[in-house]
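Chains as they are written, first to last, in our numbering: chain A, 1 to 181; chain B, 1 to 388.
Accuracy of the hints is not assured; some may be wrong.
Computed cross-link-like contacts, EDC-like style, restricted to lysine to aspartate or glutamate with a CA-CA straight-line distance of at most 20 Å [to be verified]:
hint : chain 1 : residue 1 : chain 2 : residue 2
1    : B       : K377      : A       : E86
2    : A       : K101      : A       : E86
3    : B       : K206      : B       : D219
4    : A       : K88       : B       : D375
5    : A       : K82       : B       : D375
6    : B       : K337      : B       : E354
7    : B       : K246      : B       : E279
8    : B       : K205      : B       : E218
9    : B       : K266      : B       : E105
10   : A       : K82       : B       : D372
11   : B       : K2        : B       : D194
12   : B       : K2        : B       : E195
Some, not all, of what chain B presents toward chain A, calculated at C-beta under 10 Å [claimed, not checked]:
hint : residue
13   : P152
14   : D375
15   : P376
These are computed hints drawn from the structure, not numbers from a lab.
Every residue gets a Cβ at the ideal spot worked out from N, C-alpha and C, and that includes glycine.
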Amino acid sequence: MSRIEIKIGGFGGQGVIMAGMIIGRAASIYEGKDATLTQSFGPEARGGSCSGQVVVNTDRNLYPMVTHPDILVVMSQPAYLKFIPEVKSGGLILYESELVKPQNHSEGLTAYGIPATKFAEELGRKMVLNIIMVGFFTALSDVCSEESMRKAVENSVPRGTERLNLSAFNRGFSYGRDLVK
Amino acid sequence: MKADPKGVLTGAHFLDGDHACCEGALAAGCRCAFGYPITPSTEVVERISRRFPMVGGVFLQMEDEIGSSIAIQGAAWGGKKVMTVSSGPGISLMMEHIGLAAMTETPCVFVNVQRGGPSTGLPTLTGQADMMQARWGSHGDYETIAICPNSPQECFDLAIDAFNLAEQYRIPVMFMMDESVGHMTERVVIPEADEIDIVERRYTKKPPSDDYELYALEDDNPFVPPMPPVGEGYRFHVTGLTHDDKGYPAMDAQTQQKLIRRIVDKIRLNADAIAKYEEYQTEDADIILVAYGITSRVVIRTMEMAREKGLKVGVFRPVIVWPFPETRLKELMDQTKAFVVAELNYGQVVLEVERLVAGRAKVVLAGHGGGDIHDPKEILRLVEEVAK
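Given only the sequences and the hints, what does the whole structure look like? Please build it.
Below you can see the structure in the form of structure tokens.
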């Protein structure tokens with residue numbers, strides 16, 4: 001790995017940026033790589049479209065922007081439709097299967113879905129949807145180790161919610177791992 | 001003098017530029033901030049409001065930007081290291097007080113997380129179009145220092161420089177971030193307090209007296225007078241009117257010339273000492289890309305792409321844009337054929353490069369209206385044009 005570009009898209013309020021924060025923190029703080037998280041959002045606090053971009057690099061990350069993501073994580077249909085043309089050939093798409101209905105991808109893309117909303121509701125908090133996606137991402141990509149990602153979840157979520165969020169992470173992780181077994 | 005460990009969050013953090021700026025201010029010894037939140041600088045004051053009280057500091061959300069920019073100056077004369085934080089629309093409101101700080105020689109830091117403008121423009125999107133405002137946005141003749149970080153790490157490191165320079169030269173320092181850098185999150189390594197050099201306020205050595213001269217020079221420093229400590233019996237008058245060494249209004253041309261000459265010269269004649277810049281592969285460059293802030297990271301990508309095509313391209317990045325590092329630019333001018341200046345506006349800093357180059361090399365602008373950063377390929381196309 002030298003440079004990997006990751007894009008996470010969804011609605012504002014879904015925890016899109018937090019998901020990027022966890023991946024970036026795992027890479028830069030726990031694995032000593034260079035990671036840059038940039039974000040794009042509108043003036044609305046919630047509901048507008050929102051995306052987080054993470055560049056992970058084993059070298060110094062000079063150019064900080066994502067142009068052609070190697071990995072796209074999407075939690076809304078508009079984000080899916082908007083970002084799918086940017087994905088690099090051979091790229092990986094990870095989507096929330098209740099919110100995103102994938103259409104015909106160009107060849108060479110690999111896509112995996114997860115009913116993360118349903119899992120989040122089963123865990124009692126719809127809000128942990130993003131952390132389930134982060135667990136799913138960890139299982140299906142090789143950007144960061146499971147251990148680093150787990151540490152980053154623990155140190156990124158609000159105090160007192162670590163247990164809930166780690167269960168959410170585990171749920172996404174094991175679902176992803178079982179898909180590729 | 002080393003930093004007070006109480007304000008230094010030593011360790012490796014994953015922080016955005018806005019948060020890192022707050023930590024830099026704390027490490028520099030700033031304990032007093034007044035502000036009025038505005039995107040994309042809100043995260044700076046959010047963190048300040050939480051962090052400053054933890055170390056005995058004060059944050060006050062004021063009624064508006066005008067209140068903020070004047071309250072910090074009262075606190076500065078009261079002995080504090082001070083800052084206010086805003087973005088274009090707020091900084092425009094503060095202009096009168098930036099001039100006041102220049103005239104009264106009040107050390108203070110104005111953080112401007114630049115967004116697209118003019119007016120309310122693009123609240124959540126980036127821009128670099130306040131560079132000329134940072135230089136001479138207030139009326140009258142004065143000089144400031146404007147610093148442009150290009151990463152969260154630099155938002156920390158250079159915020160410390162901003163406070164140190166404000167103390168050293170007794171001026172308002174403009175900390176010119178941009179939305180891209182403010183909202184970019186990267187690893188920020190904060191060193192131990194004893195590894196951080198801090199410039200403390202220079203106080204007068206003269207005792208309080210009826211003849212006390214507020215602006216008299218001391219310590220063989222021909223440019224910057226020391227300040228009086230408060231609460232020790234010094235009685236003084238601070239005014240935006242043209243003033244004599246005692247600090248009292250003196251409405252005549254002679255006093256004006258002496259005062260303004262000094263506040264302009266203290267920066268201009270020290271420009272080489274203040275200068276801070278970076279260079280990449282300029283040694284053999286036929287074309288040098290000039291950029292600051294976020295754009296300096298974009299042009300490095302352009303340089304790499306140009307080098308792959310066999311073009312001899314380098315990068316010159318003023319870290320401190322005002323005063324412009326003109327001595328170094330003039331040296332580079334003699335060894336290169338062209339400068340391509342990339343900035344998120346339609347021509348501000350390029351004017352300074354043109355002035356210095358004065359026709360002895362080609363100067364081309366890679367302008368951009370803001371809202372997004374340049375595509376490095378677009379700048380490459382321009383470089384290829386110039387190389388023809």
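Hints versus structure:
no.	hint	in the structure
1	K377(B) / E86(A)	holds (16 Å)
2	K101(A) / E86(A)	holds (18 Å)
3	K206(B) / D219(B)	holds (11 Å)
4	K88(A) / D375(B)	holds (17 Å)
5	K82(A) / D375(B)	holds (19 Å)
6	K337(B) / E354(B)	holds (13 Å)
7	K246(B) / E279(B)	violated (45 Å)
8	K205(B) / E218(B)	holds (8 Å)
9	K266(B) / E105(B)	holds (11 Å)
10	K82(A) / D372(B)	holds (17 Å)
11	K2(B) / D194(B)	holds (5 Å)
12	K2(B) / E195(B)	holds (7 Å)
13	P152	holds (9 Å)
14	D375	holds (8 Å)
15	P376	holds (7 Å)
Hint 7 from the list above is the single one not met by this structure.
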